[in-house]
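> What follows is the residue order along each chain.
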Amino acid sequence: MDDLLRDFLTETNESIMQLDVELVRLEQNPDDPELISSIFRLVHTIKGTCGFLGLPRLEKLAHAGENVLGKFRDRELKITPKAVSLILRSLDTIKGLLAILEETEAEAPGHDAELIEELNAFAEGRVQEDSGAAAPVAAPAPPAQGGQEEPDPFGFVPVRAEDTGKDIPAVPKTEAASPVATQTAVADNAAKESAVSSQTIRVSVDQLENLMVIASELVLTRNQLNQILREQKDSPFATPLQRLNLVTSELQEGVMKTRMQPIGNAWAKLPRIVRDLSLELRKKIDLQMVGADTELDRQVLELIKDPLTHMVRNAADHGIEVPADRLAAGKPETGVVLLNAFHEGGHIVIEISDDGRGLPVDKIRAKIIHNGLASESDVAGMSEQQILQYVFKPGFSTAERVTAVSGRGVGMDVVKTNIEKIGGTVELRSTQGKGSRFLIKIPLTLAIVSALIVECAKERFAIPQISVVELVHASAQSEYKIEHINNTPVLRLRNRLLPLISLRRVLHLDKDGKNEDEMAFIVVVQVGNSSFGIIVDRVFDTEEIVVKPVSPILRHIQMFSGNTILGDGRVVMILDPNGVTAQVGDIHDASDTALQQKKHTARDHAMDKQSLLLFKAGVGGPKAVPLSLVARLEDIDLTSVEYSEDSPVVQYRGKLMPLVALDPDKKLGKEGRQPVLVFSDNDRSMGLIVDEIVDIIEEYMEVDLSTRHAGFLGSAIIAGKATEIIDTGHFLAQAYQDWFGTKQESSFEEEDLRRILLVDDSPFFRNLLTPLLTVAGYEVTTAENANQALKFREEGDDFDVIISDIEMPGMSGFDFASTVRREGGRWSETPFIALSSHATPRDIERGRQAGFTDYVAKFDRDSLLATLQQTLSAIKVHP
Amino acid sequence: MTKNALAAQDEKRSLALTQEALMHEFVTMFIDRQLFGIPVLSVQDVLGPQKITRVPLAPPEVAGSLNLRGRIVTAIDVRTRLALLKREGDESSMSVVVDFNGELYSLIVDQVGEVMTPAQSDYEKTPATLDERWREISDGVYRLKDTLLIVLDVKKLLRLDAAAS
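Protein chains in written order, with the numbering used here: chain A, 22 to 900; chain B, 335 to 499.
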C-alpha cells in the first residue's frame, strides 16, 4: 500500500475514534466551545487530507459534516441529540468508506447525496427538530469478510461478493438498507478494527530520540560492566552479563530500527527531475534505482538528500551525452544513471554512476591553472586521479556557462562538505568516454559509532572506525620506519610515501616525551581521496561509543567531533580526521593550505556565507540575488514572448508566466534569446528579465542597507565590486499584485493566517525571509534578538511557530529556546525551528536538547517552507 | 558532601524557605583563602578530587572533562580563571558542579565551606578598584562579620576568552 495512503488511514481512523468520543461528550456539554472547535478541526483536517489525496467522495461528505459543525461553532444551530446523531452517522459512513479504501486502495465509487443533502438541510436550518423527517437510511457498512461491498447512491449495504479483485463491481440499484442491515453493519464495524490502524501507532520523534538516548546510556553501562568483568576471572556474573550483552545489542538495534527510513524516501523526487531534464536537454536517460529499501537513520537521510539530488542532476546534465554523440561513440542511445544503495559493515554505501562521457580531465586541468588553484608545472606532475579531485574544491565548476539545469550554485565542494559533516566520505572515479562513478560511504546512524581507541602521551582518544583504513606498527628496526623530510614525518608504505601527522605535535601534548621514531603505531586514515597516517603511542580495542557533543566552551576546537565515556568510565575526546587535516593543511597540495586557512578564518568571522547569483541588468554595477530564491535560470526565445494587456508573458511549463524587466526602461527585442531568472511559488512563476548572467559565487556578504531604494535591498561588496542586491519581493509584487495577499487556503479563515515569529540578528535575513514567508501565506513578526522576542512574550503575543537563528549576539538561539522551554507558560508549547548556517549533527543534537522542534539550514528555503508546513500540520492534527 | 546532604541541611534550616530566599543562600568555597559564594540553586553536586581527562588545545582555564554518573562535565580551574598561582602538587582540591544552560561544569576550588544566607543589608556592589579579572566574575560582595564573601557570577565565569573568539 502507498505510504501516503497508509499514513492517511492511520491518522484518519485515529481522528474518527477521537471524534466518536468527543461528539458524545458534546451531546452532554453542548456549551463547551473548546470541544466544538476541536471537533470542527478534526473534521476539517479529514476533509483537507481527503482533498489532498484526491478522494472526492470522502471529501464531499466531510465537507457537509464540517458545514453543520461550523454552524454549531458559530452558535447558529443548537446542538441536539438529533444533530449529534446525524453527525455520528456521517462519521460512520466515512468509516465504512475508509474500510473499503483500506481493502481496495481505492475510494468506493458512488456518492452519498442523500446524507449530504440531509446535512446541508440541517446546516441551512431547513429541518425541524421534531419533524423526524430524516430518512433512516445511509448507514455505513464495513466490507464483508473477503468480499466487496457494493455501494449504492443512498448509502450502502454489505453484500457478499465472490469477486475479491481490485475492481469494484458495477453499482447495482439496491433498495434502501433495512434497519437490520444497518445494525449488523455497525456491530461489524465495532468488532473489526481497522487492520491498518491497529498495525501502526504514531509515536513522536521526541519520544524515539529519548529512547535512543536511554539505549545509548545502557550501552555505556554495559561496556562498563564488561570492563570490570574482564579484570575478574571466573566471575559468577559472567553468564548473566553475556545475556545482558546480547539483550542490550538487540535493544540498541531495535531502537535504531525505529528511526530508520528507506533511502528511497530521499530518491522519490529524482525520477521526475531526471525526466524533466531529459526532455529539456533532449537526452535519453534511464534512471535506475537499486536498493531503494536500504534503510538508514532519518537524521542522516535528511542530510544526504540534497547532495544526492545534486549529483544525479550533475550526472544527467554533464555526464550523459546527447543521443547523437552517444551513437557516434558506439554507445546505446539511452544513457543510464544508476543509483545503488547497500549496507556494508556499519555503513551504507551509495553509488551514483553514469555511462556518459566521464569528467573532462583536460578541461579540469585548464580550469585549475586558470583559477590559480595550482601552477602549470604542478598540474603537469599530477595523476589523472589527483586532477579529478579538484572538482571538490570550493569555487570550481566545469560548466562553461551557467545552464538552466546545473550550476544551481551547490558545487561539488558543498556536496563533499555536507557528506563529511556527517562523518561520511565521497570517492570519485572517472574514465573519459566511459562514465563516472561517485561512491558515498556514510555511517548508518550518528548516535552510536564504532571507534578505535588510541593513546598518545598517556592520553586516550577515539578515532571513528569509518575513517580508519589500516594500522601500521613502525619501529626503527622493522620494515616500516618513520623518516623525515624537513622535520615532517613520512612513511614508505607499499611503494608510496604516506604523509604522517604526529598527534603529539598537533595536539600540543608534552613534546619532551618519547621519541616516536623508535617505536610507534600509525593509524592510516582516509579523508576524501587522500590518506595520511596519525602517529600514536599505543592502539587499543575498537569500542562502540556514544557520541556526545562537546561542551560549548570547547566547541571551537576543530580537532574533536565530540566526546564519549569509555567502558572504564573515563572521558575521551573523539578525534575528527577532517579537523586534523584542516589543521595541517591539505595533504596533496601545498597551495591548498592557504585556501583552507582562508576558509577557516572566514568561517570564524561571519556566518552569512551564501550562494549568490550575479547578473547584469540596466544601468549601474552588477546585481545579485541569493540563489536560494531563484527557482530556475532560463534562456527564453524572444519570438515566443506574447503580450497580455501590454505586459509581456511567455508560456512556461503549460502556464503563462509574466515577465518583469528589472530595468523599467528596457524594451524587449523581437527575436534572439533573453536570460530570465524564474521565481516560483506554489504553482505561480514570474520571470525577471536580465541582460546577462555573470556567475554564481559563494560569498560572505555584508549588506549595507542604507542605500536602499525601490527594488533593491541594499548594496554589498561582492567579488571586489559594489553590487546591488535586488529585492525579489518588489518584482514579485509587480507580476502579481496579489502575490503577497494570497492565502494558501481560503475556506477556513481562522487557521489561514499562521503567525510566525522570526528572530534573526541579520537585517538581511529578516528582509529576505519576511517576504518569502509572507508569500507563503504566513503573518510574520520579526525580532532582531532574543530579548526583543521575549518582550513580545511579556506583552502577551502568541505565535504558531517561532523561527530562530542560532548565532546571535547576546542570547544565542540555543539559550533562547531553552529559556522559553524552561520557564514554561506562554510559548512553552510553541514549536521552535532553528535556522542556522551550521547544521552538523552535533549542532542538531544540541538544538534538540535546547528545545528546538526542528533544524533547518539557513539557505534552504524549500526545506524551511516544508518544515513549517509539517510543523503546523502536526499542530492541526493534535490541537 | 553531596547534594542530598546539602538538601538535608536546607531542610533543617527552614522548610518554609521560598525560592526567593534560596536565591540569597550560598554555597561557600575558598580559593587562595578568599571566600566565594554561588547561589545554592545552581549547585548540582560537590565533589572531592576526581580523575580528569585533559582536553588538548582547550583554553588554559579548562582543566579537562570528567564523568559524573554518565554525564560529561567540563572542569574549570577557578584559580587559573582568576589569574592566581596554580595549586601546589600536594594541596587537595574540591569541585562544585553547576548547571549552566543544561550543561554541567565542575568548578575546581581549594575547599568547599558551609551553606549560608547572609543578610541582604550586608550586600554591596563589587568595588570598582578590583582587578579586572575578578571584577568581571564578581556579582557583588557581602560584608560578613570577620570576612568578605564574593558572589561568583557563574555565567561570566564560564565566558572564556578562547570560546568567545
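Treat the hints with care, since some could be wrong.
Rough simulated footprint, nothing fancy, chain B against chain A, three-plus residues with beta-carbon under 8 Å [what the hints assert, rightly or not]:
1) 520-531
2) 590-603
3) 833-840
Cβ-Cβ distance ranges computed for the label pairs, FRET-style [as the list claims (entries may be wrong)]:
4) B:Asn435 to A:Ala887: 53 to 59 Å
5) B:Phe434 to A:Gln282: 33 to 39 Å
6) A:His529 to B:Phe434: 40 to 46 Å
7) B:Phe434 to A:Glu850: 45 to 51 Å
8) A:Glu405 to B:Lys420: 45 to 51 Å
9) A:Ala895 to B:Arg467: 55 to 61 Å
Among chain A residues calculated to face chain B with C-beta under 7 Å, some are [stated by the list, open to error]:
10) Lys569
11) Ile578
12) Asn584
Please keep in mind that the hints were generated in silico from the structure rather than gathered at the bench.
Using N, Cα and C, we set each Cβ at its ideal position, and we do this for glycine too.
> It remains to establish, for every hint, whether it holds in the given structure.
Verification of the hints:
1. 520-531: Per the Cβ count (3), the hint holds.
2. 590-603: It holds, with 5 qualifying residues against the three required.
3. 833-840: Satisfied; 3 residues make the cut.
4. B:Asn435 to A:Ala887: 53 to 59 Å: Because 30 Å falls outside the window, the suggested range is violated.
5. B:Phe434 to A:Gln282: 33 to 39 Å: holds (36 Å)
6. A:His529 to B:Phe434: 40 to 46 Å: violated (27 Å)
7. B:Phe434 to A:Glu850: 45 to 51 Å: Check failed, 25 Å falls outside 45 to 51 Å.
8. A:Glu405 to B:Lys420: 45 to 51 Å: violated (56 Å)
9. A:Ala895 to B:Arg467: 55 to 61 Å: With a Cβ separation near 48 Å, A:Ala895 and B:Arg467 fall outside 55 to 61 Å, so the hint is violated.
10. Lys569: holds (6 Å)
11. Ile578: At 5 Å from the nearest chain B Cβ, A:Ile578 passes the 7 Å test, so the hint holds.
12. Asn584: Where the cut-off is 7 Å and the nearest Cβ of chain B is about 6 Å from A:Asn584, the hint holds.
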